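Participant: Just so you know, the sequences run in chain order W and D.
Using the numbering used here, count along the first sequence one by one with no gaps and you end on 1612.
Using the numbering used here, count along the second sequence one by one with no gaps and you end on 362.
The hints are simulated quantities; they were obtained by calculation from the structure and are not laboratory data.
Accuracy of the hints is not assured; some may be wrong.
Listing some non-contacts, in silico: residues in chain D with all C-beta distances to chain W over 10 Å [as the list claims (entries may be wrong)]:
no.: 1; residue: ASP54
no.: 2; residue: GLY60
no.: 3; residue: PRO69
no.: 4; residue: VAL110
no.: 5; residue: GLU121
no.: 6; residue: PRO151
no.: 7; residue: THR154
no.: 8; residue: LEU242
no.: 9; residue: ALA286
no.: 10; residue: VAL360
Sample of chain W residues at the chain D side, in silico, Cβ under 7 Å [what the hints assert, rightly or not]:
no.: 11; residue: HIS1529
no.: 12; residue: PRO1532
no.: 13; residue: ASN1533
no.: 14; residue: PRO1608
Remember, predicted model here, so these are calculated numbers, not experimental data.
Glycine included, each C-beta is placed from N, C-alpha and C at the ideal position.
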Amino acid sequence: MPLAIYIARRLVFLVVALFGVSLITFVITRVLPGNPAYLIVGVQADESTLEAVIERLGIDRPIMEQYGHYMRQLFSGDLGDSWRTKNPVTTDFAVRWPATIELASAAAILSVAWSVPFGIISALRRRSLSDRLANVASGLGVSIPEFWLGIILILVFFFHLGIAPAPIGRSLGTVPPDVTGLYTLDSLIAGDWGALRSALAQLALPAITLAITTGAPLLRVTRGFMRETMASHHIRSARALGVPERSIVLRHALPNVLLPVSTMAAMMYGYLLGGTVLVEFVFAWPGIGKYAIDSINASDYAPVLAAVLLSACSYIIVYLIMDILHFIIDPRTRT
Amino acid sequence: MSPGERSEVPAPEIESKAAAPTDVPVLDVVDLTVGFGSSTNRRSIPLQGIHLQVAAGERMALVGESGSGKSLTAAAVLGLLPDGAEVIRGSVRLDGEELIGAPERRLRDLRGRRMAIMFQNPRASLNPVLTVGGQIAEVIRVHGEAGRKESWSQAVDLLAEMGIPNAPRRAKDYVHQYSGGMAQRAALAMALSCRPDLLIADEPTTGLDATLQQQVLELVVEQVDSRDASLLLITHDIAVARSHCERTTVMYAGRVMESGPTATVTADPKNPYTSALLKAFGTVDQRRMYAIGGVVPTLLGELGECAFADRCPLAAPECRDGVPELRQLDDRRVACVKA
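Turn these sequences into a full structure, and let the hints steer you where they fit.
Facilitator: Rendered as structure tokens:
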């Protein structure tokens, strides 16, 4: 059973990778200047209160001892507590991760929806209008910083045109009953069209911002692979035996292109799931990215570490799922 | 024939091999000239005045060194010239039907059905993500020869005919599961799937093991013969031409140098280039390997002299006076003023 062995091997890799990520992040956050104890007790506190807080946080211990303690916690499912929000990190995540998942998923869907078909079409005819447009779009998309694009979109669609809602997070009206934590899905389940409209309206600008910046490299890759495939020997052979152009593109070329492109799309999705710090910040989106930034600014170790681990985890898991899919789809991996 | 006359050739409504008079060649290429770039900005002329006739049931070898224009001739016949290349003048007729200027729809219909091609490097010629049988069946299907189920069983039969063991199962395999020799057999099955009148085999054995080359060539000849089809075998190896083809056309620098029955062309070459090629392939007894001195000329424009003049041992001043015409000489044609 090669698939089972393959998955097992990848899961071992997952554990090793997470171990490495945790160690590096742990050490970096601890050696950076900034002592949370000062922030917790405030400037007015006396020496003994400070000492007590340092003792309670355990940050006076040797760093490896602290790490060992953290890992023991981690294995029992405890990501530590945030002193800033006064909640266990897992509780904070449960509220914020759905927001990130919703934004990441919407952005990934939009991103693939525009970039992949555009990449395919623009590759078919060199120097055609679509090819030139693709050049411009991908060039702009990869060079525009996403926070700047987000601000421009807010300026145009909210401030000047007034067709987008204010960039103040996920929803203006009532929140639909919590099932999945994704407002769009939950309002669909509840049949609440007003809430759905509101959720989609809030989602639109940040999702479009991310779809543009993540779609641009995807467009380039798709166009590159499509060009390469269309110039390959087997396409020439099929054409020379009278296979119609429609079948050449859809049946002969497309599957060869979608295999590598889907890997790239999965990597992008994994990256988005880890929280999109800048866009969440610009749109006040209450997701993992914004949570991580707020925690970093407050020297709040536990949430920062947890956010990095979550990011690494989601990246590796999405990648693993895509690999397994390829294992099933691509005939070359089967034998 | 001038370019203006081409479009007036009507596409025959009814095609039938039996209806075609026997003296009409299956493939008739006359004065085919291909250039890169536009007429105002001509970058090169890789094919100049190609004449090539392949009669029904005949096997013709197209011989020449790399860059002589063999494969480009095949591409021009199929109407699949690379981007930037165009036919400047000349005519290509398949069973009497003019292909230069024919609509793409018509060409697509003819490709695979009436003229087919197999390339070198067979493993790259098949799609890695489609089953081998599926690719053969698709060619049968797009030409309206059979439906989905019937085309699959025909594909399986073809694979079996080409000597693929356990064809019903192997048809469901992908090309990476095939060896090079088997992949070339599959490519042959695909090319012959609609019983074309003409098979172009473009270096079909390049990249195969030496032991396989002979087998594959024999299979190609056998299958083409059993279907009463014609073969245009493109090869750089004049020995291959000698053992498998009745007639041989020798190309050099985008021109036909000599063309005629293989036996007479190889036994008594009239063009010094043919002699040099024979010598280089060691078919003339010798101790040391022979190499033709000099390099192939760059084809930046229409040459005004014999293309081989710079390298030819017999070169004389009159060779520079103009491009030697392809003259009839007994049973062959030769482009050499000294012949």
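Participant: Now look at each hint and say whether the structure bears it out.
Facilitator: These are the hints, each one checked on the structure:
no.: 1; hint: ASP54; result: holds (24 Å)
no.: 2; hint: GLY60; result: holds (15 Å)
no.: 3; hint: PRO69; result: holds (18 Å)
no.: 4; hint: VAL110; result: holds (17 Å)
no.: 5; hint: GLU121; result: holds (18 Å)
no.: 6; hint: PRO151; result: violated (6 Å)
no.: 7; hint: THR154; result: violated (8 Å)
no.: 8; hint: LEU242; result: holds (18 Å)
no.: 9; hint: ALA286; result: holds (31 Å)
no.: 10; hint: VAL360; result: holds (38 Å)
no.: 11; hint: HIS1529; result: holds (5 Å)
no.: 12; hint: PRO1532; result: holds (5 Å)
no.: 13; hint: ASN1533; result: holds (6 Å)
no.: 14; hint: PRO1608; result: holds (4 Å)
In terms of the numbered hints stated before, the structure departs from hints 6 and 7, listed from lowest to highest.
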